[in-house]
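Those protein sequence lines, which keep their order, are chains C and V. Numbered per this note's numbering, the first sequence spans residues 73 to 490. Numbered per this note's numbering, the second sequence spans residues 279 to 442.
Please note: incorrect hints may appear among the correct ones.
[Unchecked claim] Listed next, the in silico DSBU-like pairs over lysine-lysine satisfying Cα-Cα at most 30 Å (straight line):
1. V:Lys287 - V:Lys436
2. C:Lys129 - C:Lys164
3. C:Lys131 - V:Lys436
4. V:Lys301 - C:Lys152
5. C:Lys80 - V:Lys436
6. V:Lys301 - C:Lys119
7. V:Lys436 - C:Lys129
8. C:Lys131 - C:Lys362
9. V:Lys405 - V:Lys282
10. V:Lys414 - C:Lys228
11. C:Lys228 - V:Lys363
12. V:Lys363 - C:Lys464
13. C:Lys125 - C:Lys228
14. V:Lys440 - C:Lys131
15. V:Lys436 - V:Lys414
16. V:Lys405 - C:Lys483
17. C:Lys362 - V:Lys301
18. C:Lys228 - V:Lys440
19. V:Lys436 - C:Lys92
20. V:Lys301 - C:Lys143
21. C:Lys92 - V:Lys287
[What the hints assert, rightly or not] Which stretches of chain V does chain C cover? Using the computed rule of at least three CB atoms under 8 Å from a CB of chain C, they are:
22. 331–344
23. 371–383
24. 428–442
Derived from the structure by calculation, the hints contain no laboratory data. Cβ atoms here follow ideal geometry from the backbone N, Cα and C, with glycine treated the same way.
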Amino acid sequence: MGYTIAEKILMAHCAQDSIKPGEFIEASVDVALANDITAPLAISEFKKSGFLKVFNKNKIVLVPDHFAPAKDLKSANQCKVLANFAKEQGIKNYFEIGAMGIEHALLPEKGIVLPGDLIIGADSHTCTYGALGAYATGMGSTDLARAYIDGKCWLKVPATHKYVYKGKLNKWVGGKDLILYTIGQIGVDGALYKTMEFSGPVIEKLGMDDRFSMSNMAIEAGARSGLIQPDAITKEFVAGFKRKSKFYYSDSDAVYEKTYEWDVTKLEPQVACPHLPSNVKPVSELKNIKVDQVVIGSCTNGRISDLRIAAKLLRGKKVAKGVKLIVFPATQKIYLEAVQEGLAEIFVKAGGVFSTPTCGPCLGGHMGILTDGEVAIATTNRNFLGRMGSPKSFVYLSNPAVAAASAITGKITHPGAL
Amino acid sequence: MVIKGKVHKFSDDINTDDIIAAKYLVSTDTQELGSHCMETISPDFTKKVSPGDIIVAGNNFGCGSSREHAPLAIKGCGISAVIAKSFAAIFFRNAINIGLPFLESIDVDKINDGDLIEIDLSTGIIKNITQDKNYKTQAFPDFLQQIVTSGGLINWVKTCIKSQ
Numbered sequence: 073m074g075y076t077i078a079e080k081i082l083m084a085h086c087a088q089d090s091i092k093p094g095e096f097i098e099a100s101v102d103v104a105l106a107n108d109i110t111a112p113l114a115i116s117e118f119k120k121s122g123f124l125k126v127f128n129k130n131k132i133v134l135v136p137d138h139f140a141p142a143k144d145l146k147s148a149n150q151c152k153v154l155a156n157f158a159k160e161q162g163i164k165n166y167f168e169i170g171a172m173g174i175e176h177a178l179l180p181e182k183g184i185v186l187p188g189d190l191i192i193g194a195d196s197h198t199c200t201y202g203a204l205g206a207y208a209t210g211m212g213s214t215d216l217a218r219a220y221i222d223g224k225c226w227l228k229v230p231a232t233h234k235y236v237y238k239g240k241l242n243k244w245v246g247g248k249d250l251i252l253y254t255i256g257q258i259g260v261d262g263a264l265y266k267t268m269e270f271s272g273p274v275i276e277k278l279g280m281d282d283r284f285s286m287s288n289m290a291i292e293a294g295a296r297s298g299l300i301q302p303d304a305i306t307k308e309f310v311a312g313f314k315r316k317s318k319f320y321y322s323d324s325d326a327v328y329e330k331t332y333e334w335d336v337t338k339l340e341p342q343v344a345c346p347h348l349p350s351n352v353k354p355v356s357e358l359k360n361i362k363v364d365q366v367v368i369g370s371c372t373n374g375r376i377s378d379l380r381i382a383a384k385l386l387r388g389k390k391v392a393k394g395v396k397l398i399v400f401p402a403t404q405k406i407y408l409e410a411v412q413e414g415l416a417e418i419f420v421k422a423g424g425v426f427s428t429p430t431c432g433p434c435l436g437g438h439m440g441i442l443t444d445g446e447v448a449i450a451t452t453n454r455n456f457l458g459r460m461g462s463p464k465s466f467v468y469l470s471n472p473a474v475a476a477a478s479a480i481t482g483k484i485t486h487p488g489a490l
Numbered sequence: 279m280v281i282k283g284k285v286h287k288f289s290d291d292i293n294t295d296d297i298i299a300a301k302y303l304v305s306t307d308t309q310e311l312g313s314h315c316m317e318t319i320s321p322d323f324t325k326k327v328s329p330g331d332i333i334v335a336g337n338n339f340g341c342g343s344s345r346e347h348a349p350l351a352i353k354g355c356g357i358s359a360v361i362a363k364s365f366a367a368i369f370f371r372n373a374i375n376i377g378l379p380f381l382e383s384i385d386v387d388k389i390n391d392g393d394l395i396e397i398d399l400s401t402g403i404i405k406n407i408t409q410d411k412n413y414k415t416q417a418f419p420d421f422l423q424q425i426v427t428s429g430g431l432i433n434w435v436k437t438c439i440k441s442q
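Using the sequences and the hints, build the whole thing.
What follows is the structure, given as structure tokens:
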């Protein structure tokens with residue numbers, strides 16, 4: 073009986089020569105990540121435990137990104153906790169705002185997370201790195217505190233669901249649409265406590281940015297992780313990094329609890345309507361939905377190819393009267409690329425704002441909060457009630473092309489209709 | 279351990295933004311977090327809770343973010359335990375790790391808002407005092423029981439390290 077890629081990575085990290093879904097294991101982690109919301113709790117738990125030194129200062133990553141640049145005094149205090157802990161423990165993977173980015177775009181960009189790694193993060197979207205062929209999963213602060221002590225975590229081995237995408241993608245359709253479609257089909261608990269494995273000819277042709285968007289939202293279907301087997305595209309992405317990757321592949325006789333197969337040739341851009349990521353409709357079914365705000369960015373869709381798509385549509389155009397367009401690149405590197413390529417100019421000339429990297433607007437933190445009755449279309453990952461501000465506001469989720477097209481017309485729009 | 283309290287009913291897919299909105303994550307204080315518990319979906323919730331009360335919810339309770347502030351807020355507002363048809367995976371492990379008692383039960387629909395219930399965590403039996411009925415749930419696997427009885431993950435790890 074064979075194993076899936078996820079099971080093989082877990083097996084390698086708990087030094088067992090067999091593994092089965094449902095089994096509890098104690099695994100060694102390669103990277104333990106936390107941010108300005110979750111690290112302060114982890115650090116305080118670690119300090120209370122009586123241990124003085126972290127297990128390995130090179131495996132700990134601290135990224136102030138949620139309320140950074142600090143939005144108020146309390147968040148400044150939280151960010152300071154990370155800076156102090158990094159200094160005290162000699163943690164070099166601490167990223168001050170000038171070097172920072174949204175954690176799930178930053179870590180792959182820096183080569184901190186690699187194929188074959190076991191990565192835990194006190195942030196639910198840690199599953200993003202599954203796109204590299206790594207086992208990456210979100211946990212809580214106490215789990216991180218424990219990893220600080222001995223470099224380990226407890227895991228219940230999840231069963232794997234396989235998703236096979238066949239056919240050819242339409243123009244304006246990408247990774248975000250595939251994952252929204254998938255969540256629409258299976259529901260927000262359709263992969264509860266499972267590993268998702270994305271595969272098939274459509275995935276094989278997807279670039280890394282689209283793959284990251286897909287794995288990023290595995291959590292929105294309840295999954296522990298969302299993996300894509302490494303291939304030439306993955307290998308090219310990690311080629312320049314110092315630390316070596318380990319490439320794992322699912323066996324041909326690996327056991328899947330469920331397999332879904334979809335021909336996505338006719339798929340059009342997908343939009344998740346309020347207030348759940350599973351409330352998904354094809355964009356053409358949404359008629360006359362006026363938007364007050366358009367948000368392009370986040371750990372889901374704030375990468376350079378996302379910004380290029382948005383800029384292609386916005387070039388020489390103006391956002392509709394009364395629409396607030398906020399573009400926030402995911403990292404400082406992407407920010408600079410967007411400036412150098414002239415994308416920033418396109419956004420500003422179109423009447424949008426071009427913001428520093430931050431998680432801010434996505435979670436209703438800062439830099440674009442919605443008030444009562446406002447409607448937003450966002451390239452982010454969650455549209456829960458009140459997610460971006462007022463409990464009386466409405467969030468639609470889409471890919472960057474739909475978001476940019478909607479900014480121009482002032483209502484939710486198929487980019488092909490411009 | 280036996281817990282007794284009045285039931286507060288919630289639906290499916292109660293997410294961590296519902297439990298504690300992101301704007302309050304600038305604090306790690308359990309009492310402060312507790313004072314805003316469920317504010318978005320039930321603004322009067324904390325006023326209705328008496329210490330020891332129990333949340334009873336549908337599927338996928340605690341979906342969304344990894345914020346441990348969510349189970350802390352539930353504890354902080356005086357709730358003593360959560361019963362749901364199913365729990366989101368990160369919430370599940372956070373509850374174990376911080377020692378918030380919880381049970382998975384298929385009989386959630388039979389329990390009404392305001393019922394007085396009693397849970398015996400060692401047997402997994404839920405006693406509905408108002409309706410004079412008992413519901414059986416599955417006890418935690420041994421591994422998780424160990425963490426819970428140690429008083430949470432950090433204490434459990436300390437015990438493990440000591441015994442090595």
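Output the numbers, in ascending order, of every earlier hint that fails for this structure. 1, 8, 15, 16 and 21
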